[in-house]
Structure formats: structure tokens, C-alpha cells
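Participant: Sequence:
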Amino acid sequence: MVASFTHSHGFTNLDMPGWLSSAKVFFRNFYELLLTIAFVFIYTVYIDYQHDQRMALISEPAVNDFYFVDYYQIDPKSDHQFRYLPIRVMSIEGQQVTFKVGNIGHSEKVSITKHVKLDAAMHRNFYRLEKLQLSRQQLQSMAEQDIIYDIARPENIFVNGWVVMELHELIVD
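Start counting at 1 in the sequence shown, then tack on 87, and there's your number in the numbering used here.
Source of the hints: derived by calculation from the structure; they are not laboratory data. Mixed in with the good hints, there may be bad ones.
[Said to hold, decoys possible] Dumping the calculated DSSO-like pairs for lysine-lysine here, alpha-carbon to alpha-carbon at most 27 Å:
{"id": "1", "residue 1": "Lys164", "residue 2": "Lys187"}
{"id": "2", "residue 1": "Lys218", "residue 2": "Lys204"}
{"id": "3", "residue 1": "Lys218", "residue 2": "Lys187"}
{"id": "4", "residue 1": "Lys196", "residue 2": "Lys218"}
{"id": "5", "residue 1": "Lys164", "residue 2": "Lys196"}
{"id": "6", "residue 1": "Lys164", "residue 2": "Lys111"}
{"id": "7", "residue 1": "Lys204", "residue 2": "Lys187"}
{"id": "8", "residue 1": "Lys164", "residue 2": "Lys201"}
{"id": "9", "residue 1": "Lys201", "residue 2": "Lys218"}
{"id": "10", "residue 1": "Lys201", "residue 2": "Lys187"}
[What the hints assert, rightly or not] Pairwise CB distance ranges, derived in the manner of DEER restraints:
{"id": "11", "residue 1": "Arg115", "residue 2": "Ile179", "range": "13 to 23 Å"}
{"id": "12", "residue 1": "Ser228", "residue 2": "Thr123", "range": "18 to 28 Å"}
{"id": "13", "residue 1": "Tyr136", "residue 2": "Asp166", "range": "30 to 40 Å"}
{"id": "14", "residue 1": "His167", "residue 2": "Val112", "range": "52 to 62 Å"}
{"id": "15", "residue 1": "Glu242", "residue 2": "Val112", "range": "45 to 55 Å"}
{"id": "16", "residue 1": "Asp233", "residue 2": "Glu147", "range": "18 to 28 Å"}
Owing to the predicted nature of the structure, the values given are computational and were not obtained by experimental measurement. C-beta atoms are modelled at their ideal positions from N, C-alpha and C, and glycine is treated no differently.
Let the hints inform the model, and build the full structure from the sequences given.
Facilitator: This is the structure we're talking about:
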């Protein structure tokens, strides 16, 4: 004798309602699309968060901040081929910010780590002799125009694991 699990409404206890079955089929057929949409959404939120963080650091510069810039946009007489380089905040006096300008440029935007790897910032010729002075308004404008494309604020003498300054240069609040 075979047991019957059929009820008066016509489906067994093991059957799913029609809408749930349809949803299961939809997710099985389109999970890749749904994952892609979720990834794009999360990535967009992350990019917005990074932008907000960068703008917050721009609005409140601090000594020893590293800005990664398209220097050719700042100084058209500079080398257009190796235009992407770091600048480091040395002092802030009112609305004026003074920078040391990096001496080692790249031909394309590179990560913070690529700029400072192998403790490059500790090399004697990492910075140029001349200084750069910009106003806070100029910094804000440069960030909005993507001339400043990344920022790092060291909490100690390291950025992403690489030494970027001498211990005596560290400013503790």
C-alpha cells in the first residue's frame, strides 16, 4: 500500500506554491545577473564612500598628508610623460598649504603603494628641492577636477606598510 500525501487543495506537502516555484526558477536562471547587479551596487557605494573620504581629507589637510596628483595639470612646464607623482604637506598657515613635491613620477595613475613601495619616500632624491604652495580653495578645486586622485594620511611613519617619513617628523596630536 502506498501512502498518499495529497490534500484537498491538490498538491502534496512536498510541493511548493506556484509563486515560490517560479521564484526558484527565476533565481536559478538569472543568479549571475542578480550577482552582477549586486556587485555593481556595492562597488558604486564603495566609490562614493572613497570620494567622501577624499573630500573630507581635502577640506581638513594635515601635516604629513600625501596627495597623489597629476602634476602636469599644476605645472605645465613639468614633464608631461611622467606627470603622476606624490606631494606631501609640510606646513599649513591659514589658508596656505606648503608641499614637498615628489621627484619620481609615473606615466599613469598608480596606487599609493606603488608610489611608496620599498620605502621610496626615504630615499634622498625622492623629493624636489622647490616647494609648492596652494590655497585650500585650490586643493578643493583640484580634487573636484580629479587632479588630486588619491590621498593618504599616515597615522604613524608608514603608509600601506612602507616607511614614508622619519620618526622625528611624526606629529602626534
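Participant: Each hint should be assessed against the structure and marked as holding or not.
Facilitator: The hints, checked one at a time:
no.: 1; hint: Lys164 with Lys187; verdict: 17 Å, holds
no.: 2; hint: Lys218 with Lys204; verdict: 23 Å, holds
no.: 3; hint: Lys218 with Lys187; verdict: 5 Å, holds
no.: 4; hint: Lys196 with Lys218; verdict: 22 Å, holds
no.: 5; hint: Lys164 with Lys196; verdict: 19 Å, holds
no.: 6; hint: Lys164 with Lys111; verdict: 62 Å, violated
no.: 7; hint: Lys204 with Lys187; verdict: 18 Å, holds
no.: 8; hint: Lys164 with Lys201; verdict: 25 Å, holds
no.: 9; hint: Lys201 with Lys218; verdict: 23 Å, holds
no.: 10; hint: Lys201 with Lys187; verdict: 18 Å, holds
no.: 11; hint: Arg115 with Ile179: 13 to 23 Å; verdict: 58 Å, violated
no.: 12; hint: Ser228 with Thr123: 18 to 28 Å; verdict: 36 Å, violated
no.: 13; hint: Tyr136 with Asp166: 30 to 40 Å; verdict: 33 Å, holds
no.: 14; hint: His167 with Val112: 52 to 62 Å; verdict: 56 Å, holds
no.: 15; hint: Glu242 with Val112: 45 to 55 Å; verdict: 51 Å, holds
no.: 16; hint: Asp233 with Glu147: 18 to 28 Å; verdict: 20 Å, holds
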